[in-house]
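Undergrad: Now for the letters of each chain:
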Amino acid sequence: MNIIACVKQVPDTEAQIKVKADGSGIEEGQIKWVMNPYDEFGVEEALKLKEKNGGDVTIVCVGPARAMETIRTALAMGADKGVHICDPAFDNADAFVVANALAAAIKALPHDIIFCGQRAIDDDSGQVGAMLAEALNLPQLTLVTKLEFAGSSVKVIRPIEGAQLSIETALPAVVTCQKGLNEPRYASLPGIMKAKKKPVDVKNAAAIGVATDAKARVAKTVPPPARPPGKIICGDEPAQKAAELGKLLREEAKAI
Amino acid sequence: MGNLLVNTRDQQFLLFEQFGIEKVFDSEAYGGFSKDDVLMILSEAEKMAVNDVFPTLKEGDEEGCHFKDGKVTVPKCFREPFKKYSEAGWINPMDSPDVGGQGLPHTAGYAVSELFCAANYAFMMYPGLTHGAANLINVYGNEQQKKKYMEKCFSGEWTGTMCLTEPGAGSDVGALKTTAKRLPDGKFLITGTKCFISAGDHDLTPNIIHPVLARIEGDPAGTKGISIFIVPKIRVNDDGSLGEPNDVKCGGIEHKMGIKASATATLNFGEDGKCIGELLGEERAGIKIMFQMMNEARLGVGMQGVALGSAAFQHAVAYAKERIQGTPVWEMKNPAAKAVTIINHPDVRKKLMWMKAHVEGIRALAYFGAYCMDMSKISKTEVEKGNWEGYLELLTPIIKSYSTDKGLLICSLAMDVYGGYGYCSEYPVEQLMRDEKIACIYEGTNGIQALDFVGRKLGQRKGANVMNMAGLVQQTVAKYKNNPELGKAAATLEEAANACFEVAMFFAAAGKGGDFIAPIYNAGKYLDMFGDMVLGYLLLDAAGIAQAKLNAMYEEKGLTTIGKQKGLQRENQDAAYYAGKIASAKFFMNEAVSTVKARAEAVKANDKSAMELVDLAFTV
Ligand SMILES: Cc1cc2nc3c(=O)[nH]c(=O)nc-3n(C[C@H](O)[C@H](O)[C@H](O)COP(=O)(O)OP(=O)(O)OC[C@H]3O[C@@H](n4cnc5c(N)ncnc54)[C@H](O)[C@@H]3O)c2cc1C
Ligand SMILES: Cc1cc2nc3c(=O)[nH]c(=O)nc-3n(C[C@H](O)[C@H](O)[C@H](O)COP(=O)(O)OP(=O)(O)OC[C@H]3O[C@@H](n4cnc5c(N)ncnc54)[C@H](O)[C@@H]3O)c2cc1C
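The listed protein sequences derive, respectively, from chains U and X.
To convert, note that position 40 of the first sequence is 40 in my numbering; the numbers rise steadily by one, no gaps.
To convert, note that position 27 of the second sequence is 27 in my numbering; the numbers rise steadily by one, no gaps.
No lab work stands behind these hints, which were simulated from the structure alone.
If you're wondering where the values come from, they're calculated on a predicted model, not measured in any experiment.
Check before you lean on any hint, since a few could be wrong.
[Stated by the list, open to error] Subject to a maximum C-alpha distance of 30 Å in a straight line, what follows is the list of computed BS3-like cross-link-like pairs (lysine-lysine):
#1 K147(X) with K274(X)
#2 K187(X) with K288(X)
#3 K18(U) with K146(X)
#4 K321(X) with K32(U)
#5 K18(U) with K52(U)
#6 K18(U) with K604(X)
#7 K35(X) with K81(U)
#8 K479(X) with K350(X)
#9 K549(X) with K604(X)
#10 K50(U) with K564(X)
#11 K351(X) with K338(X)
#12 K84(X) with K197(U)
#13 K81(U) with K47(X)
#14 K18(U) with K338(X)
#15 K351(X) with K196(U)
#16 K564(X) with K350(X)
#17 K488(X) with K564(X)
#18 K107(U) with K155(U)
#19 K198(U) with K557(X)
#20 K604(X) with K481(X)
#21 K83(X) with K32(U)
#22 K220(U) with K377(X)
#23 K155(U) with K32(U)
#24 K564(X) with K197(U)
#25 K194(U) with K179(U)
#26 K377(X) with K48(U)
#27 K338(X) with K71(X)
#28 K32(U) with K481(X)
#29 K564(X) with K179(U)
#30 K50(U) with K220(U)
#31 K597(X) with K564(X)
#32 K84(X) with K179(U)
#33 K256(X) with K231(U)
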C-alpha cells in the first residue's frame, strides 16, 4: 500500500509571534518550528495503516529549507521517504499554489491514500486538503476522527454539529485529519538515527512543473488589537454583584 | 519562556557553544552524529518528559508505593510512561549499538537525562538503576549472562537494582553480612538481608535483576573479601523464559519524606535457602566492579540535584512573574502606588539570580563531567585520556555532593519565592524539595563524598588531577583578567583558586605532621569551597563566550548605547540569554567565590572545637 502524508512546518504553538514592523509578515528569527499538529495525526494514521497492512509511507512537504527538519521528524517517527518541494518561488504561495505543488509531486508517486491535516495552525486557512483532492480529482474525506481500512476502500467518521457522519469511499482518496483520530507517537531514538539514512528528494518548482503565481496575496500582517482591560465588579453583597454581572452581560457584552 | 523543567537554551549553549561537542562528532567513536541529530533527540526527549513523565510527578507522589501480601505496587500512572520510555530507546542512548544503544555522546545523553529527571526523578530511578545494573553485566558479565540478563534490562522488559546496603552496613559497605555459599555447579547460594533497595520490588515488570554484594564463605572480612552476584527475582531458564521464583522476598518498603513513588525495599535473600546467584566477574572483585555502577549512580544523583533545582527555578521564575503582591520600594512614599509582580522586588529578584547562577553552574559541572567521558573516549594518546579521566575522578564527589547540597538550597529558595503557597502541596516546589533531599544521603552520603574527595581524589595520580584543574582555571583567569567587564570576576576567581590550592598544601602538611584530623574535619567545607571555585571557572568561561557573541550582535546592529543594548535584550532571546550568562558569572563570583578566601583562612586556623568537646557537652 502506498501511503502519502503531507506535512507543513509551522511555528510552535507556544512561540511568541512578532509581526514585522513593515507588516510584510512575521519575524522568523527566534521562532521554534514544529510539524503542524494536525499533520502529526496524518503521519500517525499513515504509520498505523502501514504497520497493519504493509506498504510504505512517503512524506510530502512544500516549504523552505528549514522545513527539512520537519520531514526528518516524520521519517524519525517511522515514515520511509520524503519529497521536499523547496523553491524561493513558493515563499508567497497561497493554498492554491501549495495544493497544486503537492498534487504535482503526488501524481508522480504511486498513491492509495493521502493524509493531510484538516488545517495548519499558522494561517488556519483549511483549504489545502480540499484543493489537493480537487487537483488530483480524488474523493475527499475531511475532518476525520476515525478511519477503518477495508482493502480497496475506507470508512471514516466525520463529526458534524450534534451528530457524526459515517462515510465510505473507494481509494485512492484524500483524508484530512482532525484531533481525536489518534495519539501521534514520538520519534524514538533508534527512529531518529535510522531517519538519517532515509532518502528525501528535494525538488524545485520547475522540476515538478507547477506555476507559482498565487491567487491570493497577503496585503498586510497586523497583530490582533490589544484586549480592552477587564472590568472588576466591586461591592460587598454577592447578590448585588451577581445582579450587576447579569446586567453587564446582557447590556454591554450582549452575551445573554 | 519554554517548559517549566529545564532551560533548553542553556542546555544548547553548554553543548554547542561552551563545550563544543561537535568536535566529538568527528571522531571515530561518535562518527554518526550531527548537531541537528542531537537537537532532534533533545526535542523528542523534551516532548516526552513534559507531556508524559511530568504529569506523573504529583500523582505518583500522592499514590506512592504500597506493600501488601508480600508484593509491592508502584503508582499506576507509571506503567504507560515506563513502557513508552523504554520503547523509545531512552534507557541506554549512550551505549554501543551492539547492545541496543545509539552510541550517543555522554554530554548529549546527560542533557536528555536532565529533561527526564526534572520531570520526575522517582520515576527515573526505575530505568536509571536498570541501566546501571545492565551495564555492569555488559562490562563484567560473560556472554551467557549478557544474553540472559542484560538484553532484557536494556530494553526495559525487566528492571535492575543495586544491592549494597544492609542494616549494619550503610556507609561502611565492608561490614556487610550477606553470604554466598558455593554450589557444585559453580553457582552460589545467597543468604542475607539488604535494606533501602531502590526499585527493589515493584509491579512494573515481571522480573528484577539484582546485582548483590556478598561474601563468599571463607573470604576475608572488609571490602577486600566482597564479591558481586547476579540474583534474579525470578530464575531465568537457559532459553530466556522465566522459571521458578528465586527466594528473594520483599520484607517491606520504607515510608519516606520524598521520592515516594520509588519503592525502597527491604529484600530477604534466601530465607528458605533457595536463593541462587551467579558470580559476576572475578571472586573478591565485588567492590571494584560495583564501583562502576556507583560512579555512574553518583553522577546520576548529581543530576538529581541539577534537575530538581532546575525545575524548582523554572517554576519560581514563572510564579514570580505572575504573583502580584506589594508595592515597589521606589514607590514607598506614594500611598496610591499599585502592587506589582513580585519579580520586581529586589529580594525576590536576588533570590532568583542566586538560583539562576547556581542552576547554571551545577548544570555546567554535570555536563563537564560527561564531556570528560566523551573526551577521554576520543583521546588519541594515553596521557590525554588519563587527564580527561582524571578530571572526572576528581570532580565525581563534587558533582554528587555539591550539586545536591545546592540543589536543595535552590528548592528551598524557590519555596521562599512562592511564599506560603510554596509550602503547600497545591504547588510543586514542596515536592521537589522533598524529592531532592535524599540525593544528599544515598549513593554515599555527602559527608562520605567529602572524605573521598579529600582523602583519595586530591592526591590521586600524585596530585596531577588537581594540578590540571588549576591549569584550566589559570588559563581562563589569564584570558579575562584584563577584560573590562569580566576582569574583576577573573581576579576574584584567581584569589579563590589560590586559596583552594593553599588549603590543599595545608592538608598535605598537616597529614605529614601527624594531624590527620585537619583534612577530615574540614572535608565537607573544603569540598564546598572547591565546588564554588570550579563553578566560578565554568561560569566565567561561559561568560566570556557569551560576551563575545553579545558584542557581535550589538556591533552588527550598531547598538552603542546601553539603552539600545537593553532594548535588544528585551526583544531578542539570544541577546537576553547571553546577557544573563554574563550576569550569572559576575553574580556568582561576587556572591559565592569571593568568600572562598575567608573560608580558607578559617580552615587554616585549624580550629577543632567540635573534636575537642566531650560527647556529653553537645547537649547535657
Ligand atoms: C530512599 C533511599 C534509597 C536508597 N537506595 C539504595 C539502593 O538502591 N541500594 C543501596 O545499596 N542502598 C540504598 N540506600 C542506602 C543509602 O545508600 C544509605 O542510606 C547511605 O549509604 C547511608 O547509610 P546509612 O543510612 O546506614 O547511614 P550511616 O552509615 O549510619 O550514616 C549516618 C551518618 O554518619 C555518617 N558517617 C558514617 N560513617 C562515617 C565515616 N566513616 N566517616 C564520616 N561520617 C560517617 C554519614 O555520613 C551520615 O551522616 C538508599 C537509602 C534511601 C534512604
Ligand atoms: C502553613 C501556614 C500557616 C499559616 N498560618 C497563618 C495564620 O495563622 N494567620 C495568618 O494570618 N496567616 C497565616 N499564614 C500566611 C502566611 O503568613 C503568608 O503565607 C506569608 O505572610 C506570605 O504571604 P503569601 O503566601 O501571600 O506570599 P507573598 O506575599 O505572595 O510573597 C511571595 C514572595 O514575594 C516576596 N514579597 C512579597 N512582597 C514583597 C515586598 N514588598 N518586598 C519584597 N518581597 C516581597 C515574599 O517575601 C515572598 O518571597 C500561614 C501560611 C502557611 C503556609
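Undergrad: All hints, please: hold or fail.
TA: A quick look at each hint next to the structure:
1. K147(X) with K274(X): holds, 23 Å
2. K187(X) with K288(X): holds, 20 Å
3. K18(U) with K146(X): violated, 55 Å
4. K321(X) with K32(U): The hint holds at about 23 Å.
5. K18(U) with K52(U): Judged against 30 Å, a Cα distance of about 43 Å means the pair is violated.
6. K18(U) with K604(X): violated, 58 Å
7. K35(X) with K81(U): Status holds; Cα separation ~21 Å.
8. K479(X) with K350(X): Answer holds: K479(X) to K350(X) is near 28 Å, not above 30 Å.
9. K549(X) with K604(X): violated, 41 Å
10. K50(U) with K564(X): Not OK: K50(U) and K564(X) at ~55 Å, beyond 30 Å, violated.
11. K351(X) with K338(X): Roughly 23 Å between the alpha carbons, so the hint for K351(X) and K338(X) holds.
12. K84(X) with K197(U): Roughly 24 Å between the alpha carbons, so the hint for K84(X) and K197(U) holds.
13. K81(U) with K47(X): holds, 24 Å
14. K18(U) with K338(X): holds, 29 Å
15. K351(X) with K196(U): violated, 44 Å
16. K564(X) with K350(X): It holds: about 24 Å lies between the C-alpha atoms, which stays within 30 Å.
17. K488(X) with K564(X): holds, 25 Å
18. K107(U) with K155(U): holds, 23 Å
19. K198(U) with K557(X): violated, 40 Å
20. K604(X) with K481(X): holds, 27 Å
21. K83(X) with K32(U): Answer holds: K83(X) to K32(U) is near 29 Å, not above 30 Å.
22. K220(U) with K377(X): violated, 55 Å
23. K155(U) with K32(U): Distance ~36 Å between K155(U) and K32(U) Cα, so the pair is violated.
24. K564(X) with K197(U): violated, 46 Å
25. K194(U) with K179(U): Holds, because 28 Å separates the two Cα atoms, which is no more than 30 Å.
26. K377(X) with K48(U): violated, 40 Å
27. K338(X) with K71(X): violated, 58 Å
28. K32(U) with K481(X): Not OK: K32(U) and K481(X) at ~37 Å, beyond 30 Å, violated.
29. K564(X) with K179(U): violated, 45 Å
30. K50(U) with K220(U): Given pair K50(U), K220(U) is violated - Cα atoms ~43 Å apart, limit 30 Å.
31. K597(X) with K564(X): Given pair K597(X), K564(X) is violated - Cα atoms ~38 Å apart, limit 30 Å.
32. K84(X) with K179(U): holds, 21 Å
33. K256(X) with K231(U): violated, 48 Å
Of the numbered hints stated above, those contradicted by the structure are hints 3, 5, 6, 9, 10, 15, 19, 22, 23, 24, 26, 27, 28, 29, 30, 31 and 33, listed in ascending order.
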